[in-house]
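Novice: Given the coordinates of chain W, assemble chain V onto it according to the supplied hints.
Note that the protein sequences, when read in sequence, are chains W and V.
If you read the first sequence in the UniProt record's numbering, its first letter stands for residue 1, the second for the next number, and so on.
If you read the second sequence in the UniProt record's numbering, its first letter stands for residue 1, the second for the next number, and so on.
Source of the hints: derived by calculation from the structure; they are not laboratory data.
A few of these clues could be false.
[Stated by the list, open to error] Heads up, simulated DSS-like pairs for lysine-lysine below, C-alpha to C-alpha not over 25 Å straight-line:
hint	chain 1	residue 1	chain 2	residue 2
1	W	Lys203	V	Lys81
2	W	Lys204	V	Lys149
3	W	Lys80	W	Lys255
4	V	Lys179	W	Lys322
5	V	Lys127	V	Lys99
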Amino acid sequence: MTRPLLFGLALLAILSNAAAGKSVLMLLQNANTAERFTSFVDGLSAAGFTVDIKGYKDSGLKLREYGTWLYDHLILFAPKAEGFGGSIDQQTILDFVDSGHNVLLGVNSDVSETMRSLAAEFGVDLDDRGTKVYDHFQSATLDGKEDPTLIAASDLVDAPVIVGGPYKEPILFRGVAAVVSPDSELATVVLSAPATAYSHDPKKSMLEPPSLMAGAAASLITAVQARNNARMVVSGSVEMFSNSFLAATVTAGGKSTATANKDFVNTLTRWTFQDRGVLVASNMRHHLLGSEDQPWGYRVNDDVEFLVDVMEVEGGESKPYKADDVQVEFIMLNPYVRQPLAHDGAGTFSLRFKVPDVYGVFKYVVDYSHRGYSYIKLTHQVPVRPFKHNEYERFLVCAYPYYASALSMMAGFFVLGFYFLYTK
Amino acid sequence: MAFLRWALAALVVQAAVFSVIAQDAEQAQVVAELSISDVKVVIKGADGSAISTLTGTYPKAVLANPQVPAAGSLDVSLSVKKGGESFKPQQVMLMLKSKSLGLAAYAVGKLKSGSYSLSINAAAVEKQIGKAAGEYEATLLVGDPSTPKGISYALGTAELLFSGASNAPEPAAAVRTAKFQPANNVKPDITHIFRAPEKRPPAIVSLVFAGLALVPLAIVILYVPLATGVNFKAWSAAPLAALLFHGGLAAMLLLYLLFWLKLNLAQTLPLAGAGGLFVAGSGYMLLSALSTQRLKKD
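Same shape as in the complex, but just chain V:
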């Protein structure tokens, strides 16, 4: 009797253990994988008509860098299944990564009668990352919290055309990311351009005219005494006064020269006053000596 009871207990325990193992095995099989199918890529023109339609099979790329016109769009449609049944994943996005900037723009998928459709155009990209004309890498991202792995389908590259002046060297920033933000506030260098000095005539012109200015002086010194007849015999009438007078005149002229070269008016005027008095005095003496000499001759 005791033996039967033990056998029954062992049977029950075995059943429990096996059922638990079976349950574990069942749970291990529940996590199914996502799969995408019927991937269609359509490039639409400005009026909404399809320019080209491509069908893609994951994971082969379909886009071979076609041009998407500025008012057109790039449309992708696909259906998502998990474990064989149609499924609504949390993330169905199209990522367009600009090759020139390194920034990415996104479009979110909308469910329409069992399949998802995504559409992105130049205006949407401009709102997100600014005008960046050029090649974009298109990637389809499908993921859900219930599955460990998401599906990233690299569709290829497309070239987006932007309307208007999209060829500015630095498009205005529309977004900030860790790698795409200003590092400092350095502004362009400014060097002052000094006014160019006025143009002067060539030196030879000035020297020639300086020479011309000296020609009358040459005439006065060389020709006039011959033409008018100057004799220096009258010098002996009052030699001291004559010396003082002509010396004083020469000194005044030297003072003018010094004033031009070095002195200022405050230093010059007293000297000129003293010199002037001296020249006037010696000149009076000379003139009176000369006139008495002329009167004596008559």
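Okay, chain W solo, but in the shape it has when bound:
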């Protein structure tokens, strides 16, 4: 009787451990409105996440307790929040991201200054409070009501790992736009506004471009991947995740279609929470051609092979990563060699090359950053020595006169010995 009970308890413990790494804290404007997002949360639960829904002002709110983080990911759907309840504040959220955890931030036109400054810390410049994205040419009609702020957008970034498969239906959006700095190395525009759209506050006068966010430069959803691979996604529309938008039938461009919101937000959120597009690089090794062990260093002009294994993790499963743009550099102050690595389909990337004829201390550097995938940064130092005295080329044809003169000297000495001793 007790044995099946104990077995059941053990199974429960194992299952709860398996869910570790997938706990999400979701903060809403008002915890009573949680039923607006049930479809979205169900999609996350189906992907293995446990979502804890609370209001942003709850007094017992805790992200961190005694130095350990209580949750792995954070969803902030409280656009009007000026401060948080409990022990959470902007610095706590930034520490959360600095320790490698991920944040999904959703705002709307009533975005507060707290949320705008949090997005600015992430690297995304949201437009002011009160602005909305208007489009008089590509807006959608929902339930018979014309709404120029309801955008039917389909300008997605070409990165299936972030956004998912090609969508035939548009993605419904209603909210604020953002801009990404053109020299940003970490931010990616995921969904751009249509070319005829613009972001405007009807109570104020219209700005001049480029301060006016207009057209494709207005980013509706922005993704940022920090240098420690933590991901932050800022979406200008919280409604995009709500049940009404996920199940809506809209009229856009004259035809009535469903929306692609359900699959899109599910894939986007799974990417944000590092369930997709995570690369793990391991087993970096190198050897001289013709031997398998890793040498202490090289000699100039050696033929060597460099190998590294890269696996892509999706939904907890590793599969070999396949890409043609992973580069390795052989650097001593400046790169002497920079070549792409070839992969063999099983996740091993390799390159064969000849060590330069300059000696010194070099290092292998793999610095890979592809949109939607985590960064790979590996370095390994390798000394390169010059030729030893007995490794040069010998018996050159142009030295034959010298060999001939030395040998003739020796032969002549031998012969002269006879002449010297045996004269008449």
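Specialist: Then chain V, alone, in the frame of chain W:
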């Protein structure tokens, strides 16, 4: 009496129903359409004077790819009406879409005495999307939240000239959009160029000089004995010592050859020391035998 009351009630109900229907019909007619008129497109030169003026009627295109000089501008003026009365729509914009980059730059209209005027020039386009010389498609966008449909008037194409080095192969990015952003951080390939080996003389030169180096040896072996008169009769004086001595000398020379080909100094020096002692000893024996032979002759 009851009949009259019912008739009155029916009349009142009918009136109410008809008034509601009339109200609905009125509301259905309230949504008027936007219309634009007096569209004038002016291309201005560097000093502000008009190079060409065109009048457009919606929806026919007016621009046939004229060139807009670098310091000049493309000006559009129009008036907007809704339902016959002049109207101030929320969006009056000019969109210039670059054919080479696919990016669009915008200009916002300003209301001046009842008509809107928009002006865009190369500097404004450069601030928004960077220097992208070439053809641009100009479109006039007029829209307002109160009307369902906006007016998009395709004016045609114009060519914008940029000052300075605008013919760079890749203009510096000034904007990020979903379709116009870097996909990865791939840098150009670098292959190390190895130092070319030094030039060597042609083989025939080396062989000829090697032959020349051997000519004195030929002279020593062939000519000198004839000229000086060497006789080998003295060999018989001490044949064993002579054999050992000349053999030892040959062995030392062979050791030098082996050292050049294979051995190192640590292996050679002991052998050379032993060989040297042997040659010295056998040489002493030979010389003493030869000198006793010469003394005997005298």
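Novice: State for each hint whether it applies.
Specialist: To see whether the hints hold, each was checked on the structure:
Between the alpha carbons of Lys203/W and Lys81/V the distance comes to roughly 22 Å, so the proposed pair stays at or under 25 Å and holds. For the proposed pair Lys204/W and Lys149/V, the alpha carbon gap of about 23 Å is at most 25 Å, so the pair holds. Proximity of Lys80/W to Lys255/W is assessed by CA-CA distance (about 35 Å); at most 25 Å being required, the pair is judged violated. Restraint check for Lys179/V and Lys322/W: satisfied, since their Cα atoms lie roughly 23 Å apart, inside the 25 Å limit.
Distance hint between Lys127/V and Lys99/V is fulfilled; the C-alpha atoms sit about 17 Å from each other, no more than 25 Å.
Checked against the numbered hints above, the structure breaks only hint 3 and satisfies the rest.
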